Amino acid sequence: MNSFQLEVNIMQIKVLYFARIKEAVNYSSEDVDLPEDIETITALKHWLSKRGEVWANLFSGKLVVRAAINHNLVDDLATFEDGDEVAFFPPVTGG
Amino acid sequence: MIRVQTDDFDMAQVLDDLRKHNPKVGAIVSFVGLVRDINDSAEVTTLTLEHYPEMTQKALQAIVDQAKQRWDIIDAVVIHRVGTLLPTDQIVLVAISSAHRQAAFSACEFVMDYLKTQAPFWKKETNSQGARWVEAKASDDEAQARWTQ
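Here the protein sequences come in this chain order: A and B. Taking our numbering, the leading residue of the first sequence gets 1, the next gets one more, and so forth. Taking our numbering, the leading residue of the second sequence gets 1001, the next gets one more, and so forth.
Read the hints as simulated data drawn from the structure, not as lab findings. Since the model is a prediction, treat every value here as computed from it, not as a measurement. The reader is advised that the hints may include incorrect statements.
What the hints assert, rightly or not - Partial pick of chain A residues on the chain B-facing surface, computed with a CB cut under 8 Å: (1) 18; (2) 68; (3) 73; (4) 83; (5) 87; (6) 90; (7) 94.
C-beta atoms are modelled at their ideal positions from N, C-alpha and C, and glycine is treated no differently.
Whenever a hint applies, use it, and build me the whole structure from the sequences.
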């Protein structure tokens, strides 16, 4: 088991949540260790949706969830790297 | 100038600052967004604005930079408030100065349309029934999209 874990490359990113998504998951940020094959917003949403019912409701595609990587608005095909900051939030409603 | 703040702002002061010290300014167009008492809910008592502090300034600056590339404007001011506001309170000010009015009119509308769909702010309103997040509007997406056609 240990030898298997050593072979898996782990990527660590910071994930932030805002507005109704923050309220639903009940916290605003976390450091997440990811397998290295999770490198797009789409893949990260899918990975998060497996955490349980709350997460599945948010991230399985029923709701529109926008994303930013390192403070830039991105589409779901965008890729992130080790150390990046990814944020998830509902469509914006300022102004 | 781009500012995100909890405090109110004085539009007259901002317009004076855009006008004074620069005789090349021939036109200023400004927009102020206000808290209404009827929005998604009836009889709104408070409106609370949350934002993503590390991203907000950068997003607003990118919008202003695009406007400056697109139109011949002299200066731009965006002030957006966060925190809890009440009906009739000011939320946002966009003010654009230019030599001639058309650039300022267009740039002001452009900045507001992009701010509405790109800048990371979220509104939550309360009334006597409770609190709810304000829904994004398709009409705001359409308003932004017309600038790319």
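Discussion item. Run through the hints listed earlier and report the numbers of any the structure violates, in increasing order.
Written reply: 4
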